[in-house]
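Keeping the supplied structure of chain C fixed, place chain Y upon it in accordance with the hints.
As you go down the protein sequences, you meet chains C and Y in turn. So the first sequence is numbered by this note's numbering: it starts at 1 and just counts up by one. So the second sequence is numbered by this note's numbering: it starts at 1 and just counts up by one.
The set of hints was computed from the structure by calculation and includes no laboratory data. A virtual CB, placed ideally from N, CA and C, is assigned to each residue, including glycine. Among these hints, one or two may not hold up.
[To be verified] To spell it out: a stretch of chain C is covered by chain Y in this simulated footprint if at least three of its residues, at any positions, have a beta carbon under 8 Å from a beta carbon of chain Y; those stretches are: (1) 143-157; (2) 160-166; (3) 174-184.
[As the list claims (entries may be wrong)] Which chain Y residues stay away from chain C? Per the calculated CB distances, all over 10 Å, these: (4) N10; (5) R18; (6) D28; (7) P42; (8) R112; (9) V166; (10) R173; (11) E177; (12) W234; (13) I238.
[What the hints assert, rightly or not] Just the calculated beta-carbon pair ranges, DEER-fashion: (14) C:R90 to Y:Y241: 36 to 46 Å; (15) C:R90 to Y:G69: 31 to 41 Å; (16) C:Q167 to Y:P71: 21 to 31 Å; (17) C:L16 to Y:R109: 45 to 55 Å; (18) Y:R109 to C:L187: 35 to 45 Å; (19) Y:E130 to C:P114: 56 to 66 Å.
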Amino acid sequence: MSAARGRPAVNWRGLLVLVGLAAAWELLPRAGWVDAVLLPPFSRVASRLLALLFAGPLWAHIGASVGRVLLGYGLALAVALPLGFYLGLRERAEEWLGPLTQLLRPLAPPAWIPLAILWFGIGNAPAVFIIFVGTVLTILLGTIAAVRGVDRRLVQGALTLGATRTQAAFQVVLPAALPELLTMLRLGLGLAWMCVVAAEMVAVSRGLGFLILDARNSFNTTTVLAGMIAIGVLGLLMDGGLRQLQRRLLRWQTGSKGYGILGDTRAEQGLSELR
Amino acid sequence: MAYLEIRGLNKVYRSSARPPVEALHGLDLAVHQGELVALLGPSGCGKTTLLQIVAGLESPSAGQVLLRGRPVQGWSRERTLIFQEYSLFPWLTARGNVEFGLRLAGMARPARQERARQALDRLGVGPFAESYPHQLSGGMQQRVALARALVVEPAVLLMDEPFAAVDAITRRRLQAELRQLQTAQGQTILLVTHSVREALALADRVVVLSARPAAVRMELPVPRPLGPAEAASWEEEIVRYLA
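Extracted from the complex, chain C is given alone in its bound form (with noise of 0.2 Å):
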């Protein structure tokens, strides 16, 4: 309890491994060992991304790229969630949903662009709508699985204590799914991430995915190194969000204890532990 409270331990190790393969990538070009066009050295990468920030023009695509992100995502979570925790509810969600999964598993968000353009046009709905696509399997799939993991045990006990059908789902099924249901809130919103520089190639003129594919076309390799980091870097910071908010839910957890900004061992055991 009071652990989880305290600052969160720096995880040294991975911090290691990211300076290491920075030095690397640094020395690699510099020492000649490959292209300097193709991979420019760390350091001119990140001034590059520096510049782009304190100049301007990465914000605009910044603020373009998060609210495709935020809007997509908080779509497929407000279909997906209720959906999903309805379903799992329900005795055979498997069996209606298994084949119409599988024929879409193997479509990938860049699949969907035709369509998404055909359907909306151009500009940011077809991009908010690839988001969308992307991830929202993901979440009825993993919200479905979460409900359906928690102990039946819970539930009867419930029950038996009183409670209607509505109360032991909101009651007991709710919070007994909550550990699952937030990892999985985490991985989705790592593919809804996954998803924006496919829905930025759809003719939007602002975005990180834009910014990238554009930089592409004039052979400009340090800027689209700015732009991945940039994605890379906003997609930690948001899921650093989403792991602080679930250490605070998840505080009577035996895992919860909170590990540093790059690792999450603990989270891990503690849903392990719990089953």
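Below, chain Y alone, put in the same frame as chain C:
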């Protein structure tokens, strides 16, 4: 008329893949008010199925369960169920767990806090009121589960091998506490166990079930007090019977 009456209970599980499985066959049993009846039987004989049906969580294929002469329909807090483990809500403190049933019943916060405190004290877990289940030992968790069940004042308490998951010493102690509590409060209890010794230590009456499909084979009123020599010979007899 008996307080809790089980009449001609049949339960057949049907599935398309396998031949139907008969779990219970014409099971009759009567439990009197304030009585603690222990159900003994070979494992997999359908004891748990019987408890589930009495709790109203499963419906019988035939027969009925009557409480105070009225057939039971579905679950209710009149028939509260306790499992051997993992029955506490891990996101609630011990007190939160005990208050759960009272809150559902619409009791105001000060009243239910007071009742929960009393219930926890009675079971000797008062000092752990603000602890979460994962911070408690298995024995402590079962005490809290018992407090949570008793606080809603069920007509019948149904216990499914409640002490099977705790160590031998704790188990002894819990049995003694349950016995004491039951005598003091006159709580009607139907308890499933696979330990002959536990049945003899706790029950007013031991009911021995046959292998699947379960039916009542033997009913033994346990005399109190039961001396160790007597207990040993009873145990011998039941074990021989089960084997």
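- prompt: Okay, Q167 of chain C versus P71 of chain Y on CB: inside 21 to 31 Å?
  reply: This hint holds: roughly 24 Å between Cβ atoms.
message: If I take the minimum Cβ distance from D28 of chain Y to any residue of chain C, is it greater than 10 Å?
response: holds, 23 Å
task: Could you check that no beta carbon of chain C comes within 10 Å of the beta carbon of E177 of chain Y?
output: Since the minimum Cβ distance to chain C is about 20 Å, E177 of chain Y lies beyond 10 Å and the statement holds.
query: Can the segment 143-157 of chain C be counted as covered by chain Y under the rule of three residues or more with Cβ-Cβ separation shorter than 8 Å?
result: Held - the segment 143-157 of chain C has 5 residues with a Cβ nearer than 8 Å to chain Y, which meets the minimum of three.
message: Checking a non-interface call: every C-beta of chain C should be farther than 10 Å from the C-beta of N10 of chain Y. Is that right?
response: holds, 22 Å
message: Taking the Cβ atom of R109 of chain Y and the Cβ atom of L187 of chain C, is their distance within the range 35 to 45 Å?
response: holds, 38 Å
- prompt: Three or more residues of the segment 174-184 of chain C near chain Y by CB distance under 8 Å?
  reply: Result for this restraint: holds, n = 3.
- request: Determine whether the non-interface label on R173 of chain Y survives the test: each CB of chain C must be over 10 Å from its CB.
  value: holds, 23 Å
Distance restraint hint 31 to 41 Å, applied to the beta-carbon atoms of R90 of chain C and G69 of chain Y: Holds, since R90 of chain C and G69 of chain Y (Cβ atoms, about 36 Å apart) stay within the stated range.
message: Using Cβ atoms and 10 Å as the threshold, tell me whether P42 of chain Y really stays out of contact range of chain C.
response: holds, 23 Å
field: V166 of chain Y and chain C, when compared Cβ to Cβ, separated by more than 10 Å
entry: Its Cβ never comes within 10 Å of chain C, the nearest being 16 Å, so this holds.
query: Does the hinted range 36 to 46 Å hold for R90 of chain C and Y241 of chain Y at CB?
result: holds, 45 Å
Violated hints for the displayed structure: none, as all numbered hints are satisfied.
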